[in-house]
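Assembling the complex is the task here: the two chains are given apart, and the hints tell you how they should meet.
Order-wise, the sequence lines are chains D and X. Residue 1 is where the first sequence starts when you use full-length UniProt numbering, and the numbers rise one by one after that. Residue 1 is where the second sequence starts when you use full-length UniProt numbering, and the numbers rise one by one after that.
If you are wondering where the hints come from, they were derived from the structure by calculation, not from laboratory data. Misleading hints may appear alongside valid ones.
Stated by the list, open to error - Here chain X is said to cover these stretches of chain D; the calculated rule only asks that three of the stretch's residues, wherever they fall, bring their Cβ under 8 Å from a Cβ of chain X: (1) 191-205; (2) 245-254; (3) 329-336.
Said to hold, decoys possible - Sample of chain X residues with no beta-carbon within 10 Å of chain D, all distances over it, derived: (4) R17; (5) S81; (6) E104; (7) S171; (8) S181.
Claimed, not checked - Listed next, the in silico EDC-like pairs over lysine to aspartate or glutamate satisfying Cα-Cα at most 20 Å (straight line): (9) K140/D with D22/X; (10) K141/D with E43/X; (11) K140/D with E26/X; (12) K39/D with E238/D; (13) K140/D with D27/X; (14) K141/D with D27/X; (15) K140/D with D33/X; (16) K141/D with D33/X; (17) K242/D with E199/D; (18) K141/D with E26/X; (19) K140/D with E25/X.
Using N, Cα and C, we set each Cβ at its ideal position, and we do this for glycine too.
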Amino acid sequence: MAAPEVHHLFHNPIADHSFSADHKTLAIARDTAVELYSKAGNAYKLQDELKGHDKTVTSLDIAPNSGRIVSCSQDRNALVWEPTPQGYKPTLVLLRINRAATFVRWSPSETKFAVGSGDRLIAVCYFEQENDWWVSKHLKKPIRSTVTTLAWHPNSVLLAAGSTDAHARVFSSFIKGVDARPEPTAWGERLPFNTVCGEYMNNSAGWIHSVAFSPSGDALAYAAHDSSITVVYPSAPEQPPKAVISINTQLLPFMSLIWNGEAEIIAAGHDCEAFRFQGGIGGWQLSGAVEAKGRPGMGDQREESALNMFRQMDLKGKVKDDTQLKTTHQNTITMIRPYEASGDSVRKFSSSGVDGRIVIWTV
Amino acid sequence: MSIIREHTQATLSDAWRTINIDALEEDSSVNFDTATLHPAQPETSEADVRQLTAQVRQLLRGGDAEGALRGCLEAPVYSPSSDSARDAALQTVIEVLQSIKASEMTPMLQRIYGSAGGSECLDVLMKYLNKGMAATSSASSGSAPRTPTRMTPQQTGFSQIGPRPGAPSESTGAAMSVLLSWHEKVVEVAGLGCIGRVMSDWRRV
Chain D
1 MAAPEVHHLF
11 HNPIADHSFS
21 ADHKTLAIAR
31 DTAVELYSKA
41 GNAYKLQDEL
51 KGHDKTVTSL
61 DIAPNSGRIV
71 SCSQDRNALV
81 WEPTPQGYKP
91 TLVLLRINRA
101 ATFVRWSPSE
111 TKFAVGSGDR
121 LIAVCYFEQE
131 NDWWVSKHLK
141 KPIRSTVTTL
151 AWHPNSVLLA
161 AGSTDAHARV
171 FSSFIKGVDA
181 RPEPTAWGER
191 LPFNTVCGEY
201 MNNSAGWIHS
211 VAFSPSGDAL
221 AYAAHDSSIT
231 VVYPSAPEQP
241 PKAVISINTQ
251 LLPFMSLIWN
261 GEAEIIAAGH
271 DCEAFRFQGG
281 IGGWQLSGAV
291 EAKGRPGMGD
301 QREESALNMF
311 RQMDLKGKVK
321 DDTQLKTTHQ
331 NTITMIRPYE
341 ASGDSVRKFS
351 SSGVDGRIVI
361 WTV
Chain X
1 MSIIREHTQA
11 TLSDAWRTIN
21 IDALEEDSSV
31 NFDTATLHPA
41 QPETSEADVR
51 QLTAQVRQLL
61 RGGDAEGALR
71 GCLEAPVYSP
81 SSDSARDAAL
91 QTVIEVLQSI
101 KASEMTPMLQ
111 RIYGSAGGSE
121 CLDVLMKYLN
131 KGMAATSSAS
141 SGSAPRTPTR
151 MTPQQTGFSQ
161 IGPRPGAPSE
171 STGAAMSVLL
181 SWHEKVVEVA
191 GLGCIGRVMS
201 DWRRV
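Extracted from the complex, chain X is given alone in its bound form (with noise of 0.2 Å):
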C-alpha cells in the first residue's frame, strides 16, 4: 500500500494544520502550568497590605516621600492568588506618586537607582505603572464588557491628541499623565532594560 494512495480530499485539505499537536504531547508545555518553571511568589495578605498603606502614609505625611516610595518598591505585592491585595497596593503606589512634585522626580528616581538594590526598585516601579495604566484607561472606558475594539492605541493612553473615544473623567486623565511623566522619567533612568525585564518577568504585582 502506498503513502499516495491514502491521501482523500480530507487528508489534502489545510484542516490538520489546526490540530494543536502540542497538546498530544504529555511533555510539553500546554500539559504542565508553567508556573512550575519558577520559585512561588510569597503570598502577601490584604491586612499586610494595609499596615504597608499606614506606614506610607505616615511617611508621607512626614514629608518623606521617597522614603514611601522606597517602601513601596522594595516589598513589592506579588501574591497571586489575592487581586485585592495587589490592586490596594497599587492604589498606595499611585497615591505616593502623585504626592511628588514633577521638579523631584528624576534627582529622586537617580538616588534610587544608584543605590543598592536600585535597578530592582525601578522595575518594580514600572510594574506598578504598567499596572496602573491598565488599570485606569479601562476605568475611563466605564463599565461596558471588554471587547478587542477596546484595544486600540488610543485606549491605552498613549495619545494625547483631543479626547478619546472612551471620554475619560477627568480624573482618570489626570492619573493617565502622572502616570505616563513618571513613565518617561524612569526609562531616562533605567533604560530601555527595564521595561524588557517588566515585559520579561513572571512576577506580576
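The shape of chain D in the complex, shown without the other chains (with noise of 0.2 Å):
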C-alpha cells in the first residue's frame, strides 16, 4: 500500500472538503470562508477566499461536472459560487429556514441540491430558468431534530439523511419538471415528493453522524454515535427491510462513511483513523484499519540523543513524548470522500480532520 498524501493546511478544524472532479482545486471549510487551494506541484496551495457567510461555513459541495460550488452556513443561507473567467460568483439561495444550515450536497444529477438544517427539516433546492433563481422545497415529516448528515441515490430523486433524533430516513425528493421519472426501485414505486421510504434506528440509539447510498444504491448504511455502523437491505416498498445488519465496535464513533463496491464500507472518526468493514447482506463485520500500523517513521521519529532523554525526563518527567498520536490524523476525522474511482471502487479516498489535515489514503 502506497503511503497515504498529508497536506497539512493549516491549525484549525477543516468542517468539510470536497475536490474538484481533475483533482486541481481542493475547497475547504474554514470559519466564515470557503477556501479555495490549487494543487502546485505536489502541495496544494491557497488561491482563493470565497467569502459571503457571516458565520461558520458548515458544508460545502463542488459538483464534478459543472463545477459549481454550493456552500452552507450557520448564517442560514446556502451559496452557489458559479465559475466564471473572472472568478467565483455567488448566488444566494433562499432556504426559509430559521436555524443553521448544516449539511449540503449535490444531487449526482448536478440539477439539485439538499440542505440539512437545525430547523427539522431538508431543503431540497433546485433552479427555476423562468425567474433565474434557486428555490427550495421543503422535507419536513416526520424529521423530529436536526439533520447532521444528507446522502443522494445514484438516482437523484432518492434522499437518505441522518438526524440527531437518531433516525435515518429515505425520502423522495422527485421536483416534477426538474427530475425524469425514476426507475422503481427496492426503495419505492411512485414516489411523489416527500415520500418516506424508509425509517431505522438502532437498538442504543445514538444521534447519525454519516449515511451512505451503496453505488447500486440498493443499500443504505449509516453510522450512529453509539459506535455502530449499520446496514439497510431494503426488500420491497412498503414492506420490511430484507435485513437490518448492525455492528456495534469497541471504537469510538464514526463521523463518516463511504462504500468501496458493494461489499467493504470504510468508516471513520473520533478514533482519527479509518476503519474497513467488509460482508454482505449475510452479515457485516470490521476487518480492520486502512492505516497500516508502525509504518517507519511514525512510531519512534528519530534516534534520541542522551542530552534529549535527560532533557525530556527534566521537562517532563518522562523519556518518551507521547504527544503525538500514531494515526496520521492527529484529530477526529470529520468527513472522508472518495477520490479516485474505478467502477463501483474507490482506488483513493481523502479524508479532512479538526487537525487540519487533507490526507489523501489508497485503499
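In C-alpha cells form, the structure reads like this:
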C-alpha cells in the first residue's frame, strides 16, 4: 500500500472538504469562508477565498461536472458559487429556514442540491429558469430534530438523511420538471415529493453522523454515535427490510463513511483513522484499520540523543514524548470522500480532520 | 417607520436572549415527549424481578456464576415506570458481581463478548455498573439533600486517594471498588465504544 499523501493546511478544524473532478482544486470550509486551494507541484496552495457567509461554514460540495460550488453556513444561508472567468460569482439561495444549515450535497444529476438544517427539515433546492433563481422545497415530516447528514441515491431522487433524533430516513425528493421519473427500486415505485421510503434506528439509538447509499443504491449504511454502523437492505416498497445489520464496535464513534463496492465500507471518526468493514447481506464485520501500523518514521520518530532524553525527563518527567498520536490524523476525522474511483470501487479516498490535515489514502 | 426607531433601551438589552424560543415553536423538541421517538420499553413487574433474582441465586449456589451473570444481562430490567423493580435488578447484579473472583473476570467477560449477542450483554453490564456507582456514591454521602456541590469528582468515586469528604462506610467503599474493577475489565474487553453506547442509549436500567 502506498503511503498516504498528507497536506497539512493550517491549524484549524476542517468541517468539510471537496475536490474538483480533476483534483486540481480543493475547497475547504474554514471559519466563515470557503478556501480554495490549487495544486502546485505536490502541494496545495491557497489560491482564493470565497467570502459570502457571515457565520461558520458548515459544509460545501463541488459539483464534479459543472464545477459549481455550493456552501452552507450557520447564518442559515446557502450560496452557489458559479465559476466565471473573473472568479467565482455567488448566488444566494432562499432556504427559508430559521436555524443553522448543517450539511449540503449536490445530487448526482447536479440539477438539485439538498441542505440539512437545525430547523428539523431538509431544503431541496433547484434552479427555476423563468425566475432565474434557486428555489427550495422543504422535506419536513417526520423529522423531529436537527438533520446532521445527507446522501443522494444514484437516481438523484431518493435522499437519505441522518438526524439527531437517532433516525436514518430515506425520502423522495422528486421535483416535477427537474427530475425524470425514476425507475422503481426496492425503496419505492411511485415517489411523489416527501414520500418516506424508510425509517430506521439502532437499538441503542445514537445520533446519526453519516449516511451513504451503496453504489447500486440498493443498500443504505449509516454511522451513529453509539460507535456502530448499520447496513439496511430494503426488500420492497412498504415492506420491512430484508436485513438490518448493526455492527457495534469497540471503537469511538464514526463521523463519516463511504462504500467501496457493495461489499466494503470505509468509516472514520473520533479514532482519528479509517477502518474497513466487510460483508454483505449475510452479515458484516470490522476487518481492520486502513492505515498500516508501525510504518517507519511514525512510531519512534528519531533516535534520541542522551542529552535529549535527559532533557525530556527533566522537562516532562518521562523519556518518551507521547504527545503525538500514532495515526496520520492527529484529531477527529470529520469527513471522508471518494477521491479516485474505478467503476464502483474506490481506489483512493480523501479525509479531512479537526487537525487541519487533508490526507489522500490508497485503499 | 424605520426599524431603527423601534429600538428602545429594552430591546437593546440582552434580555431577549433568555427567551426560550423553542417553547414558542409548536413542533420543537420541548413540545413533544421525546419518548415518542423510540419504541416503548417493556414493563417488568417487581414479581418478575424477584423470580429472576431467585433463579440467579440458585445458579450462584450451584457455582455457575457465569450463567447467573448472563441471566441478569440477557433480561435487563428497563421498566420505565417502576423504580423499585429496577433497583431490585441492580441489587441482584451487584450480588452476582461481588461473588465473582477477580481472576475470573476477564476470561468470563471475553467468553460473554465472544458469544452471540455478547456485545449487548456487556453494554447492559456497563449500564448496571454506572447505575451502581451512582447509587453507592450517593448512599455514601448520607441522607443530606442533593446539592450541586456534591457532584465533585471525588464524590463520584473515581478518586482512590484518601478518605472522601462524604466519609463513606466500609461496605459502600468495598462495593465501589468491586464496581470499579469490573468497569476497568469491561472497558478492556468491550472497548470505549461500550461507554459511548451506554451514554447514548435511551433504555435505562
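Outcome of the hint check:
Note: the region 191-205 of chain D has 4 residues with beta-carbon separation from chain X under 8 Å; the three-residue rule is met and the coverage holds. Beta-carbon proximity to chain X at under 8 Å applies to 6 residues in the region 245-254 of chain D; the threshold of 3 is reached and the given coverage holds. With 0 residues bearing a CB less than 8 Å from a CB of chain X, the region 329-336 of chain D misses the requirement of three and the coverage assertion fails. At roughly 16 Å from the closest C-beta of chain D, the C-beta of R17/X stays outside 10 Å, upholding its exclusion from the interface.
Non-interface call for S81/X relative to chain D: holds, since the shortest CB-CB distance, roughly 20 Å, exceeds 10 Å. With a least beta-carbon separation of about 21 Å from chain D, E104/X lies farther than 10 Å from that chain, consistent with its non-interface assignment. No Cβ of chain D comes within 10 Å of the Cβ of S171/X; the nearest lies about 33 Å off, and the non-interface call holds. No beta-carbon of chain D is positioned within 10 Å of the beta-carbon of S181/X; the least distance is around 19 Å.
Simply put, K140/D and D22/X have alpha-carbon atoms about 17 Å apart, close enough for the 20 Å limit, and the pair holds. Simply put, K141/D and E43/X have alpha-carbon atoms about 30 Å apart, too far for the 20 Å limit, and the pair is violated. For the proposed pair K140/D and E26/X, the alpha carbon gap of about 14 Å is at most 20 Å, so the pair holds. A hinted pair counts as satisfied when its Cα atoms are at most 20 Å apart, and K39/D with E238/D does not qualify at roughly 48 Å.
Note on K140/D and D27/X: the hinted pairing holds, with a Cα-Cα distance of about 11 Å set against a maximum of 20 Å. About 11 Å separates the Cα atoms of K141/D and D27/X, which keeps this hinted pair within 20 Å; it holds. For the proposed pair K140/D and D33/X, the alpha carbon gap of about 18 Å is at most 20 Å, so the pair holds. Our distance criterion of 20 Å between C-alpha atoms is met by K141/D and D33/X, whose separation comes to about 17 Å.
Restraint check for K242/D and E199/D: the C-alpha separation of about 14 Å stays at or below 20 Å, so the hint holds. For the proposed pair K141/D and E26/X, the alpha carbon gap of about 14 Å is at most 20 Å, so the pair holds. Proposed proximity of K140/D and E25/X is supported: the alpha carbons are some 14 Å apart, at most 20 Å.
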